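Student: Chains as they are written, first to last, in the numbering used here: chain A, 357 to 613; chain B, 357 to 613; chain C, 148 to 542; chain D, 148 to 542.
Take these hints with a grain of salt, some might be off.
Unchecked claim - With the C-beta cut set under 10 Å, the calculated list includes, among others, these residues of chain B facing chain C:
1. P405
2. D408
3. Q459
4. I484
5. L488
Keep in mind the hints are simulated off the structure, nothing from the lab. All values derive from a computational prediction rather than experimental measurement. Just so you know, even glycine gets a beta-carbon here, dropped at the ideal spot from N, CA and C.
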Amino acid sequence: MNRINKVLKEKKDILSIYFTAGYPSIDDTTEIIKQLDHSNVDMIEIGLPFSDPLADGPTIQESSTTALKNGMNTFKLFEQLKNIRAITDIPIIIMGYFNPILQYGVDNFCEDCKKTGVDGLIIPDLPIDVYLKHYEEIFKKQNLLNMFLITPQTSNDRIRLIDKISNGFIYMVSSSSITGTVKSFGEDQKKYFKRINDLKLKSSLLIGFGISNHNNFKEAINHSQGAIIGSAFIKFITQNGIYKISNFINEIRGKII
Amino acid sequence: MNRINKVLKEKKDILSIYFTAGYPSIDDTTEIIKQLDHSNVDMIEIGLPFSDPLADGPTIQESSTTALKNGMNTFKLFEQLKNIRAITDIPIIIMGYFNPILQYGVDNFCEDCKKTGVDGLIIPDLPIDVYLKHYEEIFKKQNLLNMFLITPQTSNDRIRLIDKISNGFIYMVSSSSITGTVKSFGEDQKKYFKRINDLKLKSSLLIGFGISNHNNFKEAINHSQGAIIGSAFIKFITQNGIYKISNFINEIRGKII
Amino acid sequence: MHKSYNVDSEGYYGDFGGAYIPEMMYSNINELKSKYLEISSQADFVKEFDDLLKKYVGRPTPLYFAKRLSQEYNSKIYLKREDLCHTGAHKINNTIGQILLAQRLGKTRIIAETGAGQHGVATATVCALMGIKCIIYMGEVDIKRQAPNVARMKMLGAKVKPAYSGSKTLKDATNEAIRDWINNPVDTHYIIGSVVGPHPYPDMVARFQSVIGLEVKTQLLEAEGKENPDYVVACVGGGSNAAGLFYPYLDDLKVNIICVEAAGMGVKTGKSAATSILGKEGIIHGSKTLLMQSQDGQITEPYSISAGLDYPGVGPMHANLFRSKRAEFISITDKKAMDWGLKLSRMEGIIPAIETSHAFGVLDKKKFMKKDILVFNCSGRGDKDLDTYIDYFKL
Amino acid sequence: MHKSYNVDSEGYYGDFGGAYIPEMMYSNINELKSKYLEISSQADFVKEFDDLLKKYVGRPTPLYFAKRLSQEYNSKIYLKREDLCHTGAHKINNTIGQILLAQRLGKTRIIAETGAGQHGVATATVCALMGIKCIIYMGEVDIKRQAPNVARMKMLGAKVKPAYSGSKTLKDATNEAIRDWINNPVDTHYIIGSVVGPHPYPDMVARFQSVIGLEVKTQLLEAEGKENPDYVVACVGGGSNAAGLFYPYLDDLKVNIICVEAAGMGVKTGKSAATSILGKEGIIHGSKTLLMQSQDGQITEPYSISAGLDYPGVGPMHANLFRSKRAEFISITDKKAMDWGLKLSRMEGIIPAIETSHAFGVLDKKKFMKKDILVFNCSGRGDKDLDTYIDYFKL
Ligand SMILES: Cc1ncc(COP(=O)(O)O)c(C=O)c1O
Ligand SMILES: Cc1ncc(COP(=O)(O)O)c(C=O)c1O
């Protein structure tokens, strides 16, 4: 069983952490994963940096720019991940825009994912129809899950379609904002969460975008099986370096230390 | 007999000097006339300064601007000329643009000319047909001569018309340039002078525009009864003040001093 | 029958007009006077003129119904879109006509004066088009405040010569151009940019601009089922865009004519260009007309924020329209004009030249009826004025 | 029958096109996709669109026979005068169409990206016209080099937001606009300014711009007795002016199509925007097309002196025209383009936008026959580029 599915089956209150590969320094990838492992996060999303990350807020954009300046690229990422499964068992998802993957070759890319022990992909700009038509088979062959996003604007019909073709979790975008921070969830968002929960989907839901502290983490896990934190984590390592990651995770979890 | 006609009848090699009233200082008018009288010039043209002297070159333009700034105006000019005939018998011509004269009232203006002893007018922008229709009678009543200009572009027919209506001299513009200086007359100009002389006009001809030294004064009087000097004279008094005027006149006449 | 408001056979509009020129200009002016009507009515001229207006200038310019403005002012407001002409103002209608005339007169060198720079650009443009040498006179002050147009003239290959005298604006540029013509009486044609100067210029320029009003007739018939609006409104610098719009309506007394002048800082401040109020009969640039002058007959230095209206006279046609009360004259301050520049931009998506902006000030000064049809001449676009607007509004 | 060069029912041109968008844009793009054809073919839409193009934009724009240019290059050269459109470029044809669409979709807020600023101005203009809020994204570099257009947008009431990322040019402004749309998925319509972006944008924009080519057909018939020229030539940034001109000729193989790209300092210098030569298939701004990118799939920062061509991709229609060899692609350096800007100014009295100037470079690179009829799209006027021209030529 794919590690992602295992976690989804076994755990509640899942915490998934996103970081950009090659940031702050090019060779930080493995160390960050190690730290996340020690901090007992439940899933890891590694961002493959892209020059034009148009679905990301400023924090992730900047980390991508730095990572690219540091020399990060797809080839290098797979090198860094070569022995990752000796270090951690946590599910690893690569999140990347489609163009770099296309240039690497989707086949090659999926194969290298499998080889290194990557469990799934989030490709925000790979449309469902193109995925189904051209790439689903390749993904499946390499036992890679593909995670889709839904937003407050996604219709129930479309959510049901996404649920049907999903084999991992559904990434529930918390709001229509990609600016990176949300103080607390408002009425609209709560209604949206309720609407989705009422659909009784087969897939697990993780909430992402704008989660930055214990409070909204708690709110998120009230409405879903877990949450994804990206910008807040990157801000943290920008300010505190990569060796105090457990502090951040503990704070999010609300563990008093 | 009008003083102008008397001079034209009696003299050859006429030298007529133009200056701008109120320049360099507002009250220089009578002194300049005195000096010109002492220097034995044959005619005097007094420029009534105008804000927009569009037929004049830069030297006369600037003198007009200064004169206006000095407070020169038509009323003041007639005041300055009030007793001029106690000082000199030289013919005096006022050269002015039409608008200031129109505002003074053409009747008034001619009357004041008569009163002060002005003998003639040169109004470059008063067209012949308007003059004949509206003003000839007024001029004649006050025994004022009106001097017309001709240029190299003026047709023989038009020159004959001008000759017919002229009662003083014809102001023969030397060339098509109002820039104020001409080194020496060229072939074109000599042809033009010959063309005019061949017409055997009843009126006397004086050449003006661009005459600045003994050489071209001599050339001018070879082709006409005399010459008019303006810009060169104004330049001289700008540089040398108004008390050395006889030097300038002597130099033009070619008198070694 | 009442007297026509158009020019008479002597070159006069009532008391105004004529050719008060020095002899040095006589041969050129006389040549023009004797030939302009004949040449401009020859079939080949008409064909080339019409063709260039259509294919090069982009005529007919639209008659645009300004919906939001009409709503706010509760009447029917149309804009005649001269701002869409090639080079950005009505000025080119005239320069096309005059360059064709100049060619037929065998001239090989063109001079012009310019205030806002639109006429300079329009002249430089037709000279480039025909491959003829071009010199533009422009006041030093205007060179600064209309920098984009100076740049355009240079791109087009014209030489821009600054006028340093007087107020260093349009009047002085005109003086310099006249001096140039006097100095170059054989090969040169002087393309005057408005309905000013000695006869036949006012009539000639008005005729070349009359395409504006003639188009309005056709277009209004299509839009409203009748050729005649209740009001025609235009700003008046020298008066050419106004003359062009009014031309076919001059003698049709049911059409009300409104001329809008630049009040500058205010008519009584000494910083103004409102000739109809501040002017008296006199001679300027070879024409008898109304002009701002001292008691002595010295021409007064005018002032307006807009370089194209910063002129101490008006054309003789307009002087006559004023004296005869055929037209109503309204003057609009810098401030009101600037506010209208912004307002038209924001309400109709049209950034007008500051000259043009003045015309709209009428809407605040006069009450119109719901059924009234108003045609405003949108004489030019505001690209040349962006710096002035931006500074003024601190945008 | 050969395959059409127009879009297929799936939103593809051959291999190119589609909608590679994040889910956050899905509802908007899907709404557009499902409604754009229906809405834009409704009678009231067609009427309002045509009416605004005629009375507000000033269409039809002339097809001008460039006499002196034709003589020098010994063939028949026509210029389609999009420079005469209201706001000074073809861009407004599209923004008029999209604002009408946005209104019918109930949108109350408009965003757009802009490079040269022409699209920004055209968008700000239609927003002012309709009284709708407007935000324009523009790269910091472009804000500097196209200052007059920034001023115009402000006059028109739009908010201009700088894009500081990447090369700080068009690509980055587009990213920012997309992010804005993602953040404002309900009330906002994104008016893309070229035939780029996810389906249905390339087709929608091409349709709104197709009025250019359709007019040429009629006008050429009048001028030459036939609808089809031998060549149609246009500069290609994203490709919208080109698409507009080519549209009715796409599948008429007797008409040769020439696309002109910006070579920048030279195709091999690393300072270029010649996508057809330097690009590979990939995804940019939601569309599969040709784009300049590293081996890794990172999008390369392009370079051109002209802000409107300084884009690392081309629209999918053009990618397909290139791959299928339906069109010939020629690239022109900064220097050649600048020289042509001056040349067109001096020979025809038309100061072109630097984008437009590139197109004429073809005349030096290719030999044409005397009987050949060439139609160049004169996509915009050069007022926005005066500083660049003046500095470059030290005028
Ligand atoms: C746009 C525009 N409107 C009006 C004028 C004023 O001139 P006229 O009164 O001759 O139309 C100018 C003069 O430059 C101008 O550029
Ligand atoms: C005048 C002009 N021409 C061409 C372009 C290039 O865009 P496109 O290729 O979409 O026509 C631009 C873009 O701003 C432009 O302003």
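Student: Could you run down the list of hints and mark each one as holding or not?
Tutor: How the hints compare with the structure:
1. With a cut of 10 Å, the hint placing B:P405 at the interface with chain C holds, because the nearest CB-to-CB distance is about 8 Å.
2. Hint status for B:D408 relative to chain C: holds, with the closest Cβ pair at about 5 Å, below 10 Å.
3. Residue-level restraint check for B:Q459 holds (minimum Cβ-Cβ distance to chain C is 3 Å; threshold 10 Å).
4. With a least beta-carbon distance of about 9 Å to chain C, the hint placing B:I484 at the interface is held under the 10 Å criterion.
5. Using the Cβ-Cβ criterion of 10 Å, the hint placing B:L488 at the interface with chain C is not satisfied: the shortest such distance is roughly 13 Å.
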